[in-house]
Structures are given as C-alpha cells and as structure tokens.
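Trainee: Okay, here's what each chain looks like letter by letter:
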Amino acid sequence: MQSTPLSEFHTARSEISSWERLLRRRVAVICLAFLVLMILAATFGPWMTGYSYEQTSNQQFSHPSHEHLFGTDLLGRDLLTRILHGARVSLLVGLIGTMVSLTVGVSYGMISGYLGGRVDMVMMRFVDVLYSLPRLIFVIILITVLDRYTRALFTRWEWEGMVTYTRMLLLFIGLGAMQWLTMSRIVRGQVLSLKEQQFVLAAQSLGARQSRILIHHLLPNLMGIIIVYLTLTIPETILLESLLSFLGLGIQPPQASWGTLISEGAAAINPVDIKWWLIVFPGAIMASTLLSLNLLGDHLRDILDPKMTKSS
Amino acid sequence: MILFLVRRFALGLLTLFIVVSLTFLMMRVMPGGPFDKERKLPPAIEKNLLAHYKLDGPLWRQYVDYIRDVALGDLRPSTKYRSRTVNEIIAQTLPVSMALGSMAFVVSISTGILLGSVAAVRHKIWMDQLAMFLAVLSISIPNFVIAPLTILLFALVWNIFPVAGWGTFSHLVLPAICLALPFSAYIARLTRNSMLDVLNQDYIRTARAKGLSESRVIFQHALKVALLPVVSFSGPLAANMLTGSLVIEEIFKVPGIGAFFVNGVLNRDAFLVGGVVIVYSILLITFNIVADILYTFLDPRIKLT
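The listed protein sequences correspond, in order, to chains A and B. So the first sequence is residues 1 to 312, counted in the working numbering. So the second sequence is residues 1 to 305, counted in the working numbering.
Careful: at least some of the hints might be erroneous.
Claimed, not checked - From the structure, some residues in chain B lie toward chain A, with a derived Cβ separation under 7 Å: (1) 30; (2) 156; (3) 160; (4) 262; (5) 265.
What the hints assert, rightly or not - Between beta-carbon pairs, the in silico distance windows are: (6) A:219 <-> B:7: 51 to 61 Å; (7) A:118 <-> B:10: 47 to 57 Å; (8) A:67 <-> B:123: 19 to 29 Å; (9) B:22 <-> A:215: 52 to 62 Å.
None of these hints come from the bench; they were simulated from the model. Glycine included, every Cβ here is placed at the ideal spot set by N, Cα and C.
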C-alpha cells in the first residue's frame, strides 16, 4: 500500500467526496436549487401561466398586476409567459451550444496533446491563429450567411415551418464554433501531463489501441476539469446568444429569448412613461441564472481543481 | 527583439490576408445580391450597378481585384451607403468607437487592478468577499441589461447624464462605464488571484524582512509581477471592448463603427463588412504584440523569441 502514488490516491478520494463537498457549501446549494427551479419553470412554466407566448391582447403595456404578474408588452402579451418561454430558448441554446463546443474542444485538445510533437504544434498554431481573430464578428457573419442558405433551401423544399428553428440550430453551431478554443487548450495541457503517467504506459504496454487509451484511460481523468469549464461556459454561451438576439441577429420574433425580451424593453424606453418592468424582470431573471451558474462554477473549480486559476 | 517584431508582423499580415479572404468570400457566396430590395430592380440597372461596384464577372476575378485594391489601401465604396466609400465611413466612425473604447479600457484596467489588489491584500476578510461578489455579479449581469437601467436611473429619473447621443464628455460617461463594468470584474479576479500567488513568494518575504513599508512591498515589488496575467489579458480585452461596444453603441446611439458593421452584414455589403473586419483585426493584432512587449518590461526573465 505504501507505493500508491499520491496523485492517484488524491483523485480517487476526491471523486468520492466531491459531490458531498459541494453540498456542504451553502452558496453552491442555493445556486444549484435555483438552477433546478429555473429549469423546471422553463420546462413546465409556459403551460401553467394561462397565456401563450405569442397571444396578443388589447392591454398594451399594462403594469404588473394580479392578472399579469410581470405586466405586458407592446402587443399586450403576458411578460411572465414570454420570459419563461425565453428561458426555454436561452437555456437550450446555452446548453447545446456548450455541448457542441465541449465535444469539439475536448476531442481536439485530447488528440493534439496525446499525439504531441509536430502534429501538436500544427494543431495548436491553428488554435493560436483562430484566437487572434475577432471571433464574435466572424460568428455574426457565419450565422447570417448560413441563415440565408438554409432559408433558401427550406423555401425550395417547402419546409416553411422549419425556418423558425433554423436560427436556433445555427446558433448552436455558431456559438459552439466560437467557444471550443479555450476548452481545447486546457484539455491539451492536462493530457500532456497525464500521458506521462504510469497508467498510460501500462495500458500502452498491454497493447491497448490509441482510441481506447484516450476514451477509457484519459477521458475519465479529465472529467473534473471538463465539468468545471462546462459550468463556466454555459453562462458565456447564454450571454452570447442573448447578445446576438439583442442585435437582431439571433432568435427571431415572435420567438423569444432573454436577449430579444431585453432588446424590446430597451426599445420601449422613453422619458415620458418609464416601462421599467420590461427590462427589470427579464434582466433580473437572466442575471440571477448567470450568477448562479458562475458561482456554481467557481465552487466546483475550488473543489475539483484547486490549482487552476481562471484563464480567460 | 527586432526579429520578434518582424516575425509577428509577418504573421499578422498573413492572418489579415486570411481574414479578408474569408470575409469577402463568405459575403459573396451568400444567396442574394447587395441590391436585393422589396421591389426587384430591372435587370439592366442591377447589371450596371454590379459592374459599377466591380461585383460582376467570375468570383475569383472579383476576389483578386478586391485583394489588390485592399492592399493598395482602397476599401471600395459601400453598397449600402451608396454615396460614401468604406474609407470615409471608417475615418468618420472609428475615432468615435476608439474614444469610447479607450475610455472604457482605462476605467476597467484601473478599477479592476485596484479592486483586485485590495481584495488580495485583505484576503479572506469581508472586503475581499465583497469585492469578489461584486465582480461575479458584474460578470453575470449582461451590459445590455445594465445599460438601459443606467439610462432609466441616471438619465430619466435623476437627469444627471444625457439619455443617448454623442458630442460632449457627459455623453461618454454612461456608455464607457457600462462597457467597462464586466471587464473590470474580470481584471479584478485575475489581479486578486495572481497577487495572492505573488504575495506568498520568497522575494516578498525578503522585502518585508528588509523592513520595507507594506505599501512599498505591494506597489513596488508585488504589483509588477502580479500584473503579468492582466497584461496578457489586455490584448483580448481590447478586442472584447470593440465587439462589446456593438451593443453599447446601439443602446446609447453612439455613431461608432459597430452599427455600420451590423447594417453591413444585414444588407450584404461585402466591402463595408470587409473594411470593418480589417480594422478590427489590425487593432487586435497590434494589441497582442504590444501586450507581448510589455511583458518583457514587467518581467525581465521573459525573452521575446
């Protein structure tokens, strides 16, 4: 037993108790509870408010009341329903966009780090070049171009119903394409040090294939870091989605996301009549979701990855 | 040093070339032309327009011509704003965006470093926790939420600053603060973490043992090294300021380069978009090089290669 390397002992222990250690932190538990609540509200909420997100009425801009808890907007639509519907869209885009970036980033980083040498150098120079581009600008161009393409395609195939969803699909791809760089760098760095360890040598000498070493031996050891950056990338992706939607380049009306709601609220600002609820409610819900995700990510990082400092 | 500059310069030119080519080709393969409107133009007029803007002929011909013009510094006339060239538009709007951006840059760097250092020096006391909570909070509240709220409060309710527009210094205050806020939070976190690392190092103990005053230890010895991550973040920071200002310029109706970019993309204006992308990329590349050079001044152990 004396020969157990300290690092392996450490990882084995922290994997058992990291969930418990998370639950011992009050802030983390509050954040987790809020996020679960938010997901439930986004999933079931839009059916329970009694309105539909595109249902208009003649009560324009009514103040928050018993009838409309969060008030109504320019077209008399119930703001609460629209916020919950927006939560669906925003959370979905954030989650799937992050998953796309995760898949690309992790596999790219693992391959680059594991193969090493010249392949690694070329792959990382490529990442460096992409890093030095104004990425948001390119995502905007990419989404617009692809949008025109898919639109033309769907019109030709007479799939008019799909047009509403193409934007969402393109956002998944576009945001995923934008976010994978950091992930791949972090994973590569980890793999570089992991592959020198003895369990990899053991697997190699037993004749394991490279794909098996990568998936069965290296990936489980990367899970901690992946989870930490997952929680920190989701809020970034949600933020980017709403930024694009705010500029009118993301989700299109009558669909709503948090970004489009806030943009409608900002457009309704005028000195005579301050319609504060149109900004305060969607803004507060969005901000508290992002805050919870960020705080949760920070705590997870403390627990799973004490050495890492935020490299943004 | 000179070798370093030459190499980075060459790499920058290559990046710029790739960026321009990608943008132009993407904008030109997009279905629909720059002159598509609600009402269809007569074919003869559209043909003449395309010829006038050198957008006829095979794509490779257009591309080669465009690259040659760009290399000579001619960014072509805009197809959306017909009477103006892209050079003119950039000359007019870039100073506005730069004024906003540099103001926000100064605000975010100074407040970020100050907050971060205070938090690190007062580690684990309420000041630290408060500063770090504020930092997470301002990263989490998107600036397009903060911006309308500040307009509501400071412009409409209290009447301290103008609602929107451009021209005087007071027009600059709200947008610059809104733009700076999330970045100063990032910097505060970076500074705090690296400052904590540095304060635990031996040379700091030596400095204290020599009997230097605490402020001298922190400002003269620790801060210089603790700022390294901040310096390397300031390259991407400048880029984020530029793109972040897309939203801020929209909300505060600042006549900067951002609005023209968004309109250019939406109206398939390949030249305008190309021009803006060139400007953004040049700024970004320059900032990264400057950040690398600054690095060697702060930490003599690092050599530029």
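Trainee: Evaluate each hint against the coordinates.
Mentor: Hint by hint, here is what the structure shows:
For residue 30 of chain B, the interface hint holds, the least distance from its beta-carbon to any beta-carbon of chain A being 5 Å, beneath 7 Å. Of the supplied interface hints, the one on residue 156 of chain B holds, with its beta-carbon coming within about 5 Å of a beta-carbon of chain A, less than 7 Å. This hint is violated: residue 160 of chain B has a C-beta 14 Å from the nearest C-beta of chain A, more than the 7 Å allowed. The interface hint given for residue 262 of chain B is met, as the beta carbon of that residue sits about 6 Å from the closest beta carbon of chain A, less than 7 Å.
A least Cβ separation of about 5 Å between residue 265 of chain B and chain A falls short of the 7 Å threshold, and the interface hint therefore holds. The given range of 51 to 61 Å is broken by residue 219 of chain A and residue 7 of chain B, whose C-beta atoms sit roughly 37 Å from each other. Distance hint check: the CB atoms of residue 118 of chain A and residue 10 of chain B are about 21 Å apart, inconsistent with the given range 47 to 57 Å. Between residue 67 of chain A and residue 123 of chain B the beta carbon distance is about 51 Å. The supplied range of 19 to 29 Å is therefore violated.
Judged by the Cβ atoms, the range 52 to 62 Å given for residue 22 of chain B and residue 215 of chain A is violated: they are separated by roughly 34 Å.
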